[in-house]
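K.L.:
Full structure from sequences and hints, please.
Single-letter residue listing:
Protein chains: 2
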Amino acid sequence: MPTLPLPPGSTLGILGGGQLGRMLALAAARLGFDVAVLERDADSPAGRAAAHTIVGAYDDPAALEALAAVAKVVTFEFENVPSDSVLKLQALGVEVAPGPKALAVAQDRIAEKQFLNASGAPTVAFAAADTPEEAVAATAEMGAPVLMKTRREGYDGKGQRWVEHAADAAAAFAELGSVPVILEAPADFVRELSIIAVRGRDGATAIYPLAENHHEGGILRRSVAPAQVSEDLAFQAEKIAARVLKGLGYVGVVGIELFELKDGQLLVNEIAPRVHNTGHWTQDGCAVDQFEQHIRAVAGWPLGPTTPHARVEMLNLLGDEAHAWSKLAHEPETRVHLYGKREAKPGRKMGHVNKLKGL
Amino acid sequence: MPTLPLPPGSTLGILGGGQLGRMLALAAARLGFDVAVLERDADSPAGRAAAHTIVGAYDDPAALEALAAVAKVVTFEFENVPSDSVLKLQALGVEVAPGPKALAVAQDRIAEKQFLNASGAPTVAFAAADTPEEAVAATAEMGAPVLMKTRREGYDGKGQRWVEHAADAAAAFAELGSVPVILEAPADFVRELSIIAVRGRDGATAIYPLAENHHEGGILRRSVAPAQVSEDLAFQAEKIAARVLKGLGYVGVVGIELFELKDGQLLVNEIAPRVHNTGHWTQDGCAVDQFEQHIRAVAGWPLGPTTPHARVEMLNLLGDEAHAWSKLAHEPETRVHLYGKREAKPGRKMGHVNKLKGL
Numbered sequence: 082m083p084t085l086p087l088p089p090g091s092t093l094g095i096l097g098g099g100q101l102g103r104m105l106a107l108a109a110a111r112l113g114f115d116v117a118v119l120e121r122d123a124d125s126p127a128g129r130a131a132a133h134t135i136v137g138a139y140d141d142p143a144a145l146e147a148l149a150a151v152a153k154v155v156t157f158e159f160e161n162v163p164s165d166s167v168l169k170l171q172a173l174g175v176e177v178a179p180g181p182k183a184l185a186v187a188q189d190r191i192a193e194k195q196f197l198n199a200s201g202a203p204t205v206a207f208a209a210a211d212t213p214e215e216a217v218a219a220t221a222e223m224g225a226p227v228l229m230k231t232r233r234e235g236y237d238g239k240g241q242r243w244v245e246h247a248a249d250a251a252a253a254f255a256e257l258g259s260v261p262v263i264l265e266a267p268a269d270f271v272r273e274l275s276i277i278a279v280r281g282r283d284g285a286t287a288i289y290p291l292a293e294n295h296h297e298g299g300i301l302r303r304s305v306a307p308a309q310v311s312e313d314l315a316f317q318a319e320k321i322a323a324r325v326l327k328g329l330g331y332v333g334v335v336g337i338e339l340f341e342l343k344d345g346q347l348l349v350n351e352i353a354p355r356v357h358n359t360g361h362w363t364q365d366g367c368a369v370d371q372f373e374q375h376i377r378a379v380a381g382w383p384l385g386p387t388t389p390h391a392r393v394e395m396l397n398l399l400g401d402e403a404h405a406w407s408k409l410a411h412e413p414e415t416r417v418h419l420y421g422k423r424e425a426k427p428g429r430k431m432g433h434v435n436k437l438k439g440l
Numbered sequence: 082m083p084t085l086p087l088p089p090g091s092t093l094g095i096l097g098g099g100q101l102g103r104m105l106a107l108a109a110a111r112l113g114f115d116v117a118v119l120e121r122d123a124d125s126p127a128g129r130a131a132a133h134t135i136v137g138a139y140d141d142p143a144a145l146e147a148l149a150a151v152a153k154v155v156t157f158e159f160e161n162v163p164s165d166s167v168l169k170l171q172a173l174g175v176e177v178a179p180g181p182k183a184l185a186v187a188q189d190r191i192a193e194k195q196f197l198n199a200s201g202a203p204t205v206a207f208a209a210a211d212t213p214e215e216a217v218a219a220t221a222e223m224g225a226p227v228l229m230k231t232r233r234e235g236y237d238g239k240g241q242r243w244v245e246h247a248a249d250a251a252a253a254f255a256e257l258g259s260v261p262v263i264l265e266a267p268a269d270f271v272r273e274l275s276i277i278a279v280r281g282r283d284g285a286t287a288i289y290p291l292a293e294n295h296h297e298g299g300i301l302r303r304s305v306a307p308a309q310v311s312e313d314l315a316f317q318a319e320k321i322a323a324r325v326l327k328g329l330g331y332v333g334v335v336g337i338e339l340f341e342l343k344d345g346q347l348l349v350n351e352i353a354p355r356v357h358n359t360g361h362w363t364q365d366g367c368a369v370d371q372f373e374q375h376i377r378a379v380a381g382w383p384l385g386p387t388t389p390h391a392r393v394e395m396l397n398l399l400g401d402e403a404h405a406w407s408k409l410a411h412e413p414e415t416r417v418h419l420y421g422k423r424e425a426k427p428g429r430k431m432g433h434v435n436k437l438k439g440l
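First to last, the protein sequences are chains A and B. Be aware that the first sequence starts at 82, since it is given in my numbering, and climbs by one per residue. Be aware that the second sequence starts at 82, since it is given in my numbering, and climbs by one per residue.
Please note: incorrect hints may appear among the correct ones.
The list cannot tell twin chains apart, which means a pair is met if one copy fits it or any two copies do.
[Unchecked claim] Calculated pairs, DSBU-like style, for lysine-lysine (alpha carbon to alpha carbon, straight line, at most 35 Å):
(1) K153 - K436
(2) K408 - K182
(3) K430 - K408
(4) K408 - K320
(5) K408 - K327
(6) K153 - K408
Don't read these hints as lab results, they were simulated from the structure. Here the structure is a predicted model, which means the values were calculated and not measured.
P.N.:
This is the structure we're talking about:
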């Protein structure tokens with residue numbers, strides 16, 4: 082029997098035990114799947130909503146073998162999945178989606194920007210630097226200020242520094258751990274937008290309306306969707322999404338963060354090969370949300386519709402903010418989503434609310 | 082610290098591992114709860130979507146103690162919970178909802194009809210019979226045909242017989258196992274309706290719009306909601322729901338099955354002290370569905386809104402019908418819900434679809 086489409090009753094694997102894994106697990110369960118979570122922590126938000134938790138590091142061969150023994154289709158909740166783990170799972174006959182190309186591009190900020198530009202998706206100007214000397218020279222050539230980021234890892238504003246003068250680039254390079262970096266020209270944007278798109282195993286695509294996003298300290302605070310945008314802007318964004326999906330031979334949901342410039346042009350900030358925080362609004366704004374779309378795509382099912390039935394303001398609940406659950410639950414237009422995390426550390430994403438408005 | 086309202090991160094217990102338990106577990110997880118399922122089968126639909134499965138009979142003291150050790154609030158997916166189990170859990174300091182009165186009424190068809198009539202909620206005429214002789218005499222007095230049902234147990238049309246002549250009542254009594262029965266006068270109904278209502282720990286109530294239901298062989302095939310009804314009918318139904326909720330001092334979601342008579346009067350057929358198959362439409366027709374409402378109520382949270390944003394046709398997938406999942410998943414207006422049951426036995430509820438229509 083072919084693995085795909087994966088029939089209900091089968092077990093679907095998820096690498097990662099956080100909130101995205103949990104919401105993927107809930108969506109998978111609605112469709113009749115069992116879920117196996119591979120996660121280092123035996124007590125994880127996703128594991129507690131799944132049929133199985135396999136405890137181990139993401140690159141632990143025994144854990145990967147245990148996962149492959151129960152799940153013939155595997156996906157992940159985070160982009161830093163070791164590529165060797167994907168190869169190992171594939172060698173064990175597992176269908177992994179999104180695929181290695183998407184991971185390779187998403188894990189390396191230089192490869193990402195090169196891919197985007199080659200695909201006709203514009204980005205800010207950038208340069209690579211592997212040494213402090215290269216960092217200083219590149220900053221001088223681009224002209225400060227530049228945003229220095231580690232080429233790999235880093236999220237929610239971690240692993241990056243603004244460099245105001247070329248002479249400071251060496252110190253910033255050291256502060257970031259003396260690892261290869263990317264230097265990015267500042268984007269003079271008027272608004273941050275994002276688009277959540279999905280591609281099925283058969284190449285079919287579906288694209289949700291744009292979300293408008295507001296960050297604080299590098300962390301998403303708030304998304305409003307569908308964003309109020311011109312037809313031209315929506316068309317630009319959809320074209321970018323289509324190019325990214327096709328260029329990566331992508332399967333699953335991708336989140337694409339965009340800068341809207343003063344002149345109405347869109348630049349791609351980054352792509353996340355997974356369900357995305359700026360797509361949480363779809364849970365209460367659309368009949369089929371990003372989590373179910375992702376499960377449908379990786380399981381080889383047909384995609385669902387992406388038409389919204391409500392405008393949604395999504396607010397992240399960070400740290401202590403989740404303690405307001407009772408007040409929030411009293412608000413009739415507010416849908417509460419909590420992740421079951423044990424500790425409300427400052428800045429930690431503990432949950433979110435979707436506030437429903439008329440379309 | 083008081084048990085209620087139950088804070089997110091707590092464990093909530095569910096007696097029963099079927100599809101209703103599974104959908105309750107998914108709703109609880111969205112609100113940040115862990116779920117512990119008590120179920121005889123170690124491999125159950127609800128257990129596979131929950132943090133813990135406690136394996137045991139519903140009246141197994143050790144299993145109930147294990148449940149009470151992790152869950153301070155417990156609910157159930159079926160009405161035939163042994164009353165001693167509820168008392169045992171309460172003695173262990175557990176808040177159980179819905180409460181013993183609702184269970185007592187729902188478990189005994191005579192007590193149910195007596196309660197309903199005493200509350201001002203009309204039913205068909207009925208009589209009790211504990212012996213074949215009483216069954217014959219009561220049938221003669223009521224006038225055949227009558228519908229004979231066991232006083233306890235029985236669902237989806239099981240445990241009932243039509244008695245066409247008083248003389249046949251003794252044989253029917255024997256066929257049903259020579260247990261106490263109820264005899265019900267036929268309801269000359271034009272339509273079967275149901276109403277899903279919920280009451281919080283604080284006495285607040287919320288009521289969904291009526292559903293119109295179609296049964297085949299005693300099993301629900303199809304619900305359409307909101308049903309097209311006159312204002313007067315909606316008002317009658319809401320009055321009945323309010324009386325039932327208040328009369329039982331109820332906490333949680335109740336499903337009330339109704340007969341609409343030719344003259345526009347509503348009779349109560351039966352009440353189910355739990356989430357109900359005719360309320361599945363709320364999953365895709367309302368911002369807060371019956372499962373989340375039930376969890377909110379039993380956890381002592383405020384209730385959510387019951388306003389629909391779509392008209393929904395709900396179709397049960399019985400037995401083999403669930404094999405059409407791929408075709409159904411291709412329909413853009415169809416939301417697929419599958420229960421993860423291992424075997425598609427004939428007539429078994431394997432899943433349902435909600436077909437979305439404009440309001």
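K.L.:
Taking the hints in turn, state whether each one holds.
P.N.:
Right, here's what the structure says about each hint:
1. K153 - K436: between (37 Å within a copy, 30 Å between copies)
2. K408 - K182: Result: close only across copies, 31 Å inter versus 44 Å intra.
3. K430 - K408: For K430 and K408, only the intra-copy Cα distance (18 Å) is at most 35 Å; the inter-copy one is 38 Å.
4. K408 - K320: Between copies, since 29 Å is at most 35 Å while 41 Å is not.
5. K408 - K327: Between copies only: 26 Å across chains, 44 Å inside a chain, cut-off 35 Å.
6. K153 - K408: Cα proximity of K153 and K408: across copies only (22 Å, versus 43 Å in one copy).
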